[in-house]
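2 protein chains.
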Amino acid sequence: MNCVMYVETKTRSIIKAISWRILATLTTMTLVYLFFHRLDLAAAVGVLEAFIKMVVYFLHERVWNRIKYGRKEIPSFVVWFTGLPLSGKTTIANLVYEKLKKDGIKVQRLDSKDVRSLFPEVGYTREERNRHIKRVGHLVSILERQGVSSVASFISPYKESREFVRKLVRNFVEVYVKASVEACMKRDKSGLYERAIKGEIKNFTGISDVYEEPVKPDIVLDTEKISPEIAAGIVYDYLKNRFIKNGRL
Amino acid sequence: MNCVMYVETKTRSIIKAISWRILATLTTMTLVYLFFHRLDLAAAVGVLEAFIKMVVYFLHERVWNRIKYGRKEIPSFVVWFTGLPLSGKTTIANLVYEKLKKDGIKVQRLDSKDVRSLFPEVGYTREERNRHIKRVGHLVSILERQGVSSVASFISPYKESREFVRKLVRNFVEVYVKASVEACMKRDKSGLYERAIKGEIKNFTGISDVYEEPVKPDIVLDTEKISPEIAAGIVYDYLKNRFIKNGRL
Numbered sequence: 371m372n373c374v375m376y377v378e379t380k381t382r383s384i385i386k387a388i389s390w391r392i393l394a395t396l397t398t399m400t401l402v403y404l405f406f407h408r409l410d411l412a413a414a415v416g417v418l419e420a421f422i423k424m425v426v427y428f429l430h431e432r433v434w435n436r437i438k439y440g441r442k443e444i445p446s447f448v449v450w451f452t453g454l455p456l457s458g459k460t461t462i463a464n465l466v467y468e469k470l471k472k473d474g475i476k477v478q479r480l481d482s483k484d485v486r487s488l489f490p491e492v493g494y495t496r497e498e499r500n501r502h503i504k505r506v507g508h509l510v511s512i513l514e515r516q517g518v519s520s521v522a523s524f525i526s527p528y529k530e531s532r533e534f535v536r537k538l539v540r541n542f543v544e545v546y547v548k549a550s551v552e553a554c555m556k557r558d559k560s561g562l563y564e565r566a567i568k569g570e571i572k573n574f575t576g577i578s579d580v581y582e583e584p585v586k587p588d589i590v591l592d593t594e595k596i597s598p599e600i601a602a603g604i605v606y607d608y609l610k611n612r613f614i615k616n617g618r619l
Numbered sequence: 371m372n373c374v375m376y377v378e379t380k381t382r383s384i385i386k387a388i389s390w391r392i393l394a395t396l397t398t399m400t401l402v403y404l405f406f407h408r409l410d411l412a413a414a415v416g417v418l419e420a421f422i423k424m425v426v427y428f429l430h431e432r433v434w435n436r437i438k439y440g441r442k443e444i445p446s447f448v449v450w451f452t453g454l455p456l457s458g459k460t461t462i463a464n465l466v467y468e469k470l471k472k473d474g475i476k477v478q479r480l481d482s483k484d485v486r487s488l489f490p491e492v493g494y495t496r497e498e499r500n501r502h503i504k505r506v507g508h509l510v511s512i513l514e515r516q517g518v519s520s521v522a523s524f525i526s527p528y529k530e531s532r533e534f535v536r537k538l539v540r541n542f543v544e545v546y547v548k549a550s551v552e553a554c555m556k557r558d559k560s561g562l563y564e565r566a567i568k569g570e571i572k573n574f575t576g577i578s579d580v581y582e583e584p585v586k587p588d589i590v591l592d593t594e595k596i597s598p599e600i601a602a603g604i605v606y607d608y609l610k611n612r613f614i615k616n617g618r619l
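Going down the list, the protein sequences come from chains A and B.
Position in the first sequence counted from 1, then plus 370, gives you my numbering.
Position in the second sequence counted from 1, then plus 370, gives you my numbering.
Hint data in this document are derived by calculation from the structure and do not stem from the laboratory.
Fair warning: there could be bad hints in the mix.
Which copy is meant is left open, because identical chains are indistinguishable; a pair holds if it fits in one copy or across any two.
Below 16 angstroms or equal to it, Euclidean Cα-Cα: the simulated EDC-like pairs (lysine to aspartate or glutamate) are [what the hints assert, rightly or not]:
| # | residue 1 | residue 2 |
| --- | --- | --- |
| 1 | Lys615 | Glu378 |
| 2 | Lys438 | Glu378 |
| 3 | Lys504 | Asp481 |
| 4 | Lys529 | Glu594 |
| 5 | Lys380 | Glu443 |
| 6 | Lys595 | Glu552 |
| 7 | Lys438 | Asp473 |
Just so you know, these numbers come straight off a predicted model, no measurement behind them.
Make a model of the complete structure from these sequences and hints.
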């Protein structure tokens with residue numbers, strides 16, 4: 371569960387008042403003692419102050435909870451991983467997603483497989499693929515406007531639909547997960563590429579369907595040279611710098 | 371814009387420290403004066419206290435901004451308006467949406483028309499309609515899990531897909547917007563019903579396609595008897611009671 375719409379409860383304000391009071395009353399008592407050298411009066415001022423100020427502090431907190439000033443919005447964004455089957459998109463995207471979640475960022479993970487199992491009727495022709503990606507684009511755009519970021523990993527082989535998503539979204543980060551067809555085939559333990567070569571899988575990107583390389587991706591990750599952990603670190607640092615910056619949540 | 375992912379900036383903490391200090395130092399000075407009847411010492415304690423405690427207060431705030439305790443989540447929900455064409459779904463749903471937004475609730479409006487213009491390839495057969503509604507169901511379910519509520523208005527004539535959405539979603543509120551076919555026809559200035567009767571529009575709910583009434587809707591609004599404003603008020607009060615309660619945002 372990562373709903374992040376909060377109200378601050380009265381109990382929180384009360385506990386804050388008490389924790390503050392302990393700090394503050396000790397300070398006051400020390401000051402009074404240093405000025406008057408009388409422990410009895412220092413104690414009396416301290417006790418009275420403690421009671422009165424706890425109430426005042428509580429009210430101060432309640433008023434501030436209605437004031438928006440100084441509450442900084444964290445921009446939401448869409449990180450879009452594109453690349454050949456088995457280029458490493460899902461693995462890297464998962465790692466990035468986990469890092470963002472750990473930071474308390476509101477983020478939705480969208481992977482080709484999951485989304486296709488939600489809408490199983492989608493095919494693999496150019497038209498169907500484009501339509502599918504555009505639909506996902508609308509989804510991430512709605513999420514972005516509601517303050518939810520997305521980590522999306524889709525082969526998304528065609529420029530047309532990737533550019534469509536880029537235009538729809540405010541903060542779009544295109545990550546090209548680069549690996550040669552040969553390298554991807556070597557990693558392929560389930561024999562997808564083999565079946566595609568035999569013609570058992572139609573419209574298979576890299577074999578029987580084209581992959582249109584991104585022209586100006588925001589990040590390129592060459593997974594023949596770097597590990598998924600290092601690749602995820604690169605993306606994470608990029609997001610941190612561009613969107614999150616000095617903001618701890 | 372209604373992104374609601376916040377961090378509290380340092381400036382906010384500083385301003386809070388100052389506004390608190392004015393209140394608090396005045397209290398301390400009054401107390402010291404009442405005890406010692408010496409204005410000069412009261413002032414001296416006050417000035418010294420003001421400086422030291424502002425720093426302590428600031429640090430206290432920064433620590434509390436990292437503490438989750440007492441930050442109450444507001445549950446997200448899905449309000450789903452179903453009913454014949456021109457029964458009044460969109461009008462009422464718009465009013466409910468505006469009320470929720472005014473309260474600061476994170477909420478997404480989804481209307482049949484808008485969603486269909488996003489995915490224009492969807493037809494009106496039973497299969498296509500069910501698939502379409504299920505897709506919308508997945509969307510509202512993702513939003514709900516991310517803390518975003520939805521106000522959805524769709525004819526959604528079939529039990530099957532409405533029940534599908536109900537099961538997918540945690541907090542589902544089915545609102546049946548009830549009006550007889552005759553009443554809907556009277557309201558129909560654009561002649562949709564007429565064209566459906568002539569056979570110019572196929573699969574038109576209420577004329578050439580069935581509308582399966584909800585069995586156990588959470589709310590029924592008879593729009594032949596009550597105005598859209600009153601209807602919206604009923605739904606809003608229901609949501610307020612069930613999900614938002616005493617929570618001001």
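Do the hints match the structure? See the list:
1. Lys615 x Glu378: between (25 angstroms within a copy, 14 angstroms between copies)
2. Lys438 x Glu378: Close inside one copy (13 angstroms) and across copies (9 angstroms); limit 16 angstroms.
3. Lys504 x Asp481: within (14 angstroms within a copy, 19 angstroms between copies)
4. Lys529 x Glu594: neither (23 angstroms within a copy, 51 angstroms between copies)
5. Lys380 x Glu443: For Lys380 and Glu443, the Cα distance is within 16 angstroms only across copies (14 angstroms; inside one copy 24 angstroms).
6. Lys595 x Glu552: This pair counts as within: shortest intra-copy Cα distance 14 angstroms, inter-copy 69 angstroms.
7. Lys438 x Asp473: between (23 angstroms within a copy, 14 angstroms between copies)
Going down the numbered hints, you'll see the structure goes against just number 4.
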